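Participant: Those protein sequences? They're chains A and B, same order as listed. For what it's worth, the working numbering labels the leading residue of the first sequence as 1, then goes sequentially. For what it's worth, the working numbering labels the leading residue of the second sequence as 1, then goes sequentially.
Quick caveat, the hints were computed from the structure, so don't treat them as lab data. You may find that some hints are simply not true.
What the hints assert, rightly or not - Short derived list, chain B residues pointing at chain A, Cβ under 7 Å: (1) Thr29; (2) Ala104; (3) Leu106; (4) Ser107; (5) Arg266; (6) Asp269.
Claimed, not checked - Pair ranges (Cβ atoms, derived): (7) B:Phe219 to A:Arg59: 50 to 56 Å; (8) A:Ser209 to B:Ala256: 39 to 45 Å; (9) A:Ala70 to B:Thr239: 39 to 45 Å; (10) B:Arg267 to A:Gly301: 57 to 63 Å; (11) A:Leu130 to B:Arg266: 32 to 38 Å; (12) B:Thr239 to A:Arg63: 41 to 47 Å; (13) B:Ala256 to A:Gly62: 46 to 52 Å; (14) A:Gly104 to B:Ala259: 44 to 50 Å; (15) A:Arg59 to B:Gly268: 18 to 24 Å.
Unchecked claim - Which stretches of chain B does chain A cover? Using the computed rule of at least three CB atoms under 8 Å from a CB of chain A, they are: (16) 34 to 44; (17) 167 to 176.
All figures in this text were calculated on a predicted structure; none of them were measured in a lab. All C-beta atoms in this analysis are idealised placements derived from N, C-alpha and C, irrespective of residue type, glycine included.
Spelled out from the first residue to the last, the chains are:
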Amino acid sequence: MIEVENLTKRYGDKVAVDGLTFSVAPGVVTGFLGPNGAGKSTTLRMIAALDVPTSGRVRVNGRDYRSSPAPMAELGLLLEAKAVHPGRSARDHLLAIGQTAGIGKARVNEVIEMVGLGDVARKRVGGFSLGMGQRVGIAVALLGRPRTVVMDEPVNGLDPEGVRWIRALLRTLADEGCTVFYSSHLMSEMAQTATNLIVIGRGRLISDSTVEQFIAKTTATSVVVRSPEAARLRGLLGRADVRIASDGPDLLRIDGITPEEVGTIALQAGVPVFDLRVERASLEEAFMQATHDSVEYGATGLENL
Amino acid sequence: MPTAATVIRPREPVAGNLTMTGVLRSEWTKFRSVRSTWWLLSTTVILTVGVAVFVSPGGASGKPASAAAFARSTEYGSVLSQLALLVLGVMVFTGEYHSGMIRASLSVVPRRLLLLWGKLGVFGAVVLALSLASSVAAFVLGTLVHQPHGGRAHVWFGDPQVTRIVIGAGLVLAVTGIFGLAIGAIIRNTAAGLSTIAAIFFVLPLLLRLALPSSDQGFLRLMPSNAGGALWNAALSPTSLSPWTGFALLCGYTAALVAVAAWRLRRGDA
Numbered sequence: 001m002i003e004v005e006n007l008t009k010r011y012g013d014k015v016a017v018d019g020l021t022f023s024v025a026p027g028v029v030t031g032f033l034g035p036n037g038a039g040k041s042t043t044l045r046m047i048a049a050l051d052v053p054t055s056g057r058v059r060v061n062g063r064d065y066r067s068s069p070a071p072m073a074e075l076g077l078l079l080e081a082k083a084v085h086p087g088r089s090a091r092d093h094l095l096a097i098g099q100t101a102g103i104g105k106a107r108v109n110e111v112i113e114m115v116g117l118g119d120v121a122r123k124r125v126g127g128f129s130l131g132m133g134q135r136v137g138i139a140v141a142l143l144g145r146p147r148t149v150v151m152d153e154p155v156n157g158l159d160p161e162g163v164r165w166i167r168a169l170l171r172t173l174a175d176e177g178c179t180v181f182y183s184s185h186l187m188s189e190m191a192q193t194a195t196n197l198i199v200i201g202r203g204r205l206i207s208d209s210t211v212e213q214f215i216a217k218t219t220a221t222s223v224v225v226r227s228p229e230a231a232r233l234r235g236l237l238g239r240a241d242v243r244i245a246s247d248g249p250d251l252l253r254i255d256g257i258t259p260e261e262v263g264t265i266a267l268q269a270g271v272p273v274f275d276l277r278v279e280r281a282s283l284e285e286a287f288m289q290a291t292h293d294s295v296e297y298g299a300t301g302l303e304n305l
Numbered sequence: 001m002p003t004a005a006t007v008i009r010p011r012e013p014v015a016g017n018l019t020m021t022g023v024l025r026s027e028w029t030k031f032r033s034v035r036s037t038w039w040l041l042s043t044t045v046i047l048t049v050g051v052a053v054f055v056s057p058g059g060a061s062g063k064p065a066s067a068a069a070f071a072r073s074t075e076y077g078s079v080l081s082q083l084a085l086l087v088l089g090v091m092v093f094t095g096e097y098h099s100g101m102i103r104a105s106l107s108v109v110p111r112r113l114l115l116l117w118g119k120l121g122v123f124g125a126v127v128l129a130l131s132l133a134s135s136v137a138a139f140v141l142g143t144l145v146h147q148p149h150g151g152r153a154h155v156w157f158g159d160p161q162v163t164r165i166v167i168g169a170g171l172v173l174a175v176t177g178i179f180g181l182a183i184g185a186i187i188r189n190t191a192a193g194l195s196t197i198a199a200i201f202f203v204l205p206l207l208l209r210l211a212l213p214s215s216d217q218g219f220l221r222l223m224p225s226n227a228g229g230a231l232w233n234a235a236l237s238p239t240s241l242s243p244w245t246g247f248a249l250l251c252g253y254t255a256a257l258v259a260v261a262a263w264r265l266r267r268g269d270a
């Protein structure tokens with residue numbers, strides 16, 4: 001469980017996080033989205049008590065993380081890949097982290113095998129690829145078998161197999177009762193993994209709901225119909241609250257009506273229908289829609305390309 | 001929206017409480033598992049012992065050397081190895097800031113001062129043991145090599161001045177290393193930390209000596225390098241502080257820097 005309350009972080013004049021309030025429940029995977037510079041990483045660092053909030057507070061599993069007697073049992077953290085001395089082996093790195101909480105070599109070896117670094121655990125981390133470095137960071141986060149896991153861009157640098165693996169990992173953790181909170185800029189990936197979603201922009205909360213609710217409330221859901229008598233059907237559906245667009249000679253895109261209504265009207269009029277489906281926006285479209293006003297570092301267009 | 005936690009299978013805890021002992025173990029693992037540690041520690045020993053062995057205390061005159069002269073050759077080596085220990089001390093913290101490791105370290109040690117005490121404890125213990133051992137070895141080997149006749153050395157630990165200089169050199173080296181550690185913890189950047197150390201210990205004393213009129217040079221003895229040097233300075237110059245006063249002053253500077261480092265580590269962003 002993570003509870004963020006009125007959290008604010010200022011760097012001089014610049015407000016990175018602005019009165020953020022949300023909570024992350026255990027047992028489900030919660031995604032954390034926002035444009036670049038929205039304050040995601042700052043928020044995650046404040047959750048881990050690495051950055052000190054200007055005001056507001058954070059609780060991890062019901063308490064201030066700094067006063068936790070057994071921090072590694074409470075919170076597992078992945079912030080940046082390869083936050084390791086390049087001259088140290090992955091094994092020594094994990095051992096040093098674990099020893100603070102009395103974790104020994106047996107658990108270190110177990111986690112090294114689990115993240116697939118068994119063959120290179122004794123090599124210096126300086127020679128690791130981005131993906132291997134990412135696995136070291138993931139191993140650190142899992143080392144203490146924490147009740148809450150927080151990861152900033154965990155799929156960064158992972159190959160497709162690694163992406164599938166992290167998806168299964170996050171879901172399994174949640175199924176086991178863990179609180180799982182992670183950020184990603186790969187939205188199709190997040191749509192497949194996360195159940196709940198926190199969206200922020202310019203340090204403020206934009207949305208706190210399930211992924212489905214977020215898409216549904218941010219974008220319109222359309223009914224798409226394909227019929228050889230599209231023009232006739234169009235006439236039958238004419239109503240003040242219904243907006244119809246033609247996507248092709250026999251294709252209609254209809255907003256403000258359910259597929260049940262369209263199907264019934266078509267049947268009663270004897271209009272043949274070859275395709276009738278609901279088209280939902282993707283998470284990416286919903287995200288763009290929700291955050292277009294709060295993009296901090298937007299490109300200006302491609303005119304000068 | 002958030003559903004209640006459904007625990008499918010209980011997660012056996014593997015992580016215990018955060019303890020000072022745990023942090024000390026962790027810091028030892030970090031310290032020993034990086035190559036530069038061993039390079040710099042070897043340099044310290046080789047410089048201290050090597051200079052004492054190869055620099056003849058008696059000079060060219062062939063006369064039997066005095067106790068002070070023998071101890072003095074220990075001092076020459078110590079001045080050089082001071083530099084190696086300062087570098088090592090600075091890098092204890094700046095190395096972690098440079099790689100980003102500090103955030104991994106502090107995220108599992110949210111009571112941040114434990115990290116400072118852990119680093120201080122491990123580094124202090126290693127450096128103290130090593131500098132005492134190398135300073136004693138430097139004196140013993142230097143004496144055996146350079147004594148004029150075979151057999152037992154005529155200058156030995158019974159001489160209170162010798163004991164003070166040899167033990168003192170070890171103590172000063174250890175405290176100097178901690179001085180570097182504190183500077184690194186405050187400045188957080190290797191290049192800036194090393195420049196600061198070089199300025200305080202080597203450049204500033206030299207510039208002040210050249211720039212100031214001789215009547216105003218009394219306060220030069222208050223510089224950290226000279227204050228510490230008083231303890232091993234065999235031929236006490238009239239301007240120098242008394243040995244233990246000088247050492248106490250060096251310890252005072254170091255304690256003040258450690259306090260600043262603790263304050264900075266505790267209240268700011270990692």
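Participant: Now tell me if each hint is right for this structure.
Facilitator: Structure-based check of each hint:
| no. | hint | in the structure |
| --- | --- | --- |
| 1 | Thr29 | holds (4 Å) |
| 2 | Ala104 | holds (5 Å) |
| 3 | Leu106 | holds (6 Å) |
| 4 | Ser107 | holds (5 Å) |
| 5 | Arg266 | violated (10 Å) |
| 6 | Asp269 | holds (4 Å) |
| 7 | B:Phe219 to A:Arg59: 50 to 56 Å | holds (53 Å) |
| 8 | A:Ser209 to B:Ala256: 39 to 45 Å | violated (53 Å) |
| 9 | A:Ala70 to B:Thr239: 39 to 45 Å | violated (55 Å) |
| 10 | B:Arg267 to A:Gly301: 57 to 63 Å | violated (44 Å) |
| 11 | A:Leu130 to B:Arg266: 32 to 38 Å | holds (33 Å) |
| 12 | B:Thr239 to A:Arg63: 41 to 47 Å | violated (58 Å) |
| 13 | B:Ala256 to A:Gly62: 46 to 52 Å | violated (39 Å) |
| 14 | A:Gly104 to B:Ala259: 44 to 50 Å | violated (34 Å) |
| 15 | A:Arg59 to B:Gly268: 18 to 24 Å | holds (21 Å) |
| 16 | 34 to 44 | holds (count 3) |
| 17 | 167 to 176 | violated (count 0) |
Violated hints, listed in ascending order, are 5, 8, 9, 10, 12, 13, 14 and 17; each of the other numbered hints is respected by the structure.
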